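This is what each chain is made of:
There are 2 protein chains.
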Amino acid sequence: MTEPTRIPPRSGAAFILKRGELLTIIDPEGEQVADLASFSLEDPNEAISNGRTIDYASKLYFTTGDEIYSNRSNVMWTIMRDDVGTHDFLLTPCSAEMFRKLYGEEEPHRGCFGNLAAALAPHGVSPDAIPVAFNVFMNVPVDGKTGRISVDPPKSKPGDRFTLRAEMDLIIGLTACSAGQSNNFRYKPIDYLIHS
Amino acid sequence: MTEPTRIPPRSGAAFILKRGELLTIIDPEGEQVADLASFSLEDPNEAISNGRTIDYASKLYFTTGDEIYSNRSNVMWTIMRDDVGTHDFLLTPCSAEMFRKLYGEEEPHRGCFGNLAAALAPHGVSPDAIPVAFNVFMNVPVDGKTGRISVDPPKSKPGDRFTLRAEMDLIIGLTACSAGQSNNFRYKPIDYLIHS
Chain A
1 MTEPTRIPPR SGAAFILKRG ELLTIIDPEG EQVADLASFS LEDPNEAISN
51 GRTIDYASKL YFTTGDEIYS NRSNVMWTIM RDDVGTHDFL LTPCSAEMFR
101 KLYGEEEPHR GCFGNLAAAL APHGVSPDAI PVAFNVFMNV PVDGKTGRIS
151 VDPPKSKPGD RFTLRAEMDL IIGLTACSAG QSNNFRYKPI DYLIHS
Chain B
1 MTEPTRIPPR SGAAFILKRG ELLTIIDPEG EQVADLASFS LEDPNEAISN
51 GRTIDYASKL YFTTGDEIYS NRSNVMWTIM RDDVGTHDFL LTPCSAEMFR
101 KLYGEEEPHR GCFGNLAAAL APHGVSPDAI PVAFNVFMNV PVDGKTGRIS
151 VDPPKSKPGD RFTLRAEMDL IIGLTACSAG QSNNFRYKPI DYLIHS
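Protein chains in written order, with the working numbering: chain A, 1 to 196; chain B, 1 to 196.
Be a bit skeptical, because a hint or two may be false.
Identical chains blur together in the list; that is why a pair holds if it fits in one copy or across any two.
[Unchecked claim] Here are the simulated SDA-like pairs of lysine to any residue, each with C-alpha atoms no more than 25 Å apart in a straight line:
hint : residue 1 : residue 2
1    : K18       : N139
2    : K101      : S58
3    : K59       : G180
4    : K155      : D82
5    : K59       : V84
6    : K188      : P28
7    : K59       : T2
8    : K18       : S40
9    : K18       : A121
10   : K145      : R110
11   : K101      : R165
12   : K157      : S73
13   : K101      : M80
Read the hints as simulated data drawn from the structure, not as lab findings. Predicted model, so just to flag it, every value in this text is computed and none were measured.
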């Protein structure tokens with residue numbers, strides 16, 4: 001099998017995936033998050049949608065066998081392998097505004113949001129069009145009674161994998177998460193493989 | 001006070017609200033939901049964002065005193081009064097695709113999504129740009145352990161009110177919900193008032 005491509009810590013990448021191809025996201029060191037955004041190659045106004053996906057599955061958590069929908073109610077992804085079982089599909093990518101608001105940082109990093117915006121711009125995706133991403137390996141416990149959420153260290157161990165099959169031709173944005181809360185304050189890379 | 005404007009059952013409306021104005025949404029008969037979508041009047045690419053709002057508040061449920069954010073991290077709304085305390089900010093507006101997928105309806109209603117799309121089109125908002133709405137009075141219990149969600153009858157009683165203050169000039173889309181699951185299968189109107 002080909003060597004995986006590495007996304008360095010606190011950065012992002014964009015690339016094309018054709019229908020039927022597999023994307024495997026690997027956490028090489030453990031306890032790291034990858035934000036996954038996706039858009040139809042044919043018309044980037046069709047984007048990954050947590051609202052449609054949660055509605056159609058009547059659940060917040062997704063794993064092997066589950067489908068991820070677009071805002072036009074088409075299946076974008078099928079999850080094929082999940083070594084971890086804990087991911088988030090509620091929160092927007094971390095951003096300069098988020099680091100400023102939640103953590104009072106005065107010179108904040110541009111975050112996954114800024115990294116996705118920069119990587120996706122050449123593909124015709126504007127920052128405003130970046131939706132809630134599927135946050136692979138992100139651990140966001142929810143208290144159903146109070147509605148409180150928290151961001152805990154991921155449960156992923158070194159080498160853990162998450163594989164999805166593209167159900168349409170896609171533009172992908174993928175990051176090695178920039179938020180300390182998401183990786184136990186040890187900013188780390190993410191690896192990925194495109195395969196059949 | 002002026003008489004409220006009525007949104008008939010299974011329909012929607014769009015209108016402008018200026019910064020500082022109040023929007024009161026009234027459930028005249030009880031057990032009905034209103035989907036609230038909003039966009040900056042200055043640039044409709046700035047839209048209400050559940051992902052940003054949930055992230056900044058670290059919670060899923062919102063009530064009096066809480067702020068609702070846009071996808072550009074600006075405050076769009078402050079909640080001023082809430083007679084009910086149970087609303088949803090997870091699910092996309094009901095749609096023909098949803099009625100088909102979840103309930104097997106062969107000739108489905110266009111739903112809140114279709115109603116919002118029609119009402120918002122003259123304001124320059126495309127269907128693809130309609131995000132997860134703030135679903136006033138919608139009752140969506142969440143099981144934090146399993147991630148399962150359900151759609152239960154609203155807790156609103158006849159005359160219950162929900163008031164928000166516009167924190168910027170806004171284009172509003174508002175519906176009387178078309179999904180039977182959201183109103184105990186008794187499709188009903190929604191009333192609203194714009195006031196100071």
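Hints, one by one, checked against the model:
no.: 1; hint: K18 <-> N139; verdict: neither (29 Å within a copy, 39 Å between copies)
no.: 2; hint: K101 <-> S58; verdict: between (31 Å within a copy, 12 Å between copies)
no.: 3; hint: K59 <-> G180; verdict: between (27 Å within a copy, 19 Å between copies)
no.: 4; hint: K155 <-> D82; verdict: within (12 Å within a copy, 38 Å between copies)
no.: 5; hint: K59 <-> V84; verdict: both (17 Å within a copy, 24 Å between copies)
no.: 6; hint: K188 <-> P28; verdict: within (8 Å within a copy, 54 Å between copies)
no.: 7; hint: K59 <-> T2; verdict: neither (35 Å within a copy, 42 Å between copies)
no.: 8; hint: K18 <-> S40; verdict: within (10 Å within a copy, 35 Å between copies)
no.: 9; hint: K18 <-> A121; verdict: within (19 Å within a copy, 32 Å between copies)
no.: 10; hint: K145 <-> R110; verdict: neither (33 Å within a copy, 32 Å between copies)
no.: 11; hint: K101 <-> R165; verdict: between (36 Å within a copy, 21 Å between copies)
no.: 12; hint: K157 <-> S73; verdict: neither (33 Å within a copy, 33 Å between copies)
no.: 13; hint: K101 <-> M80; verdict: between (36 Å within a copy, 22 Å between copies)
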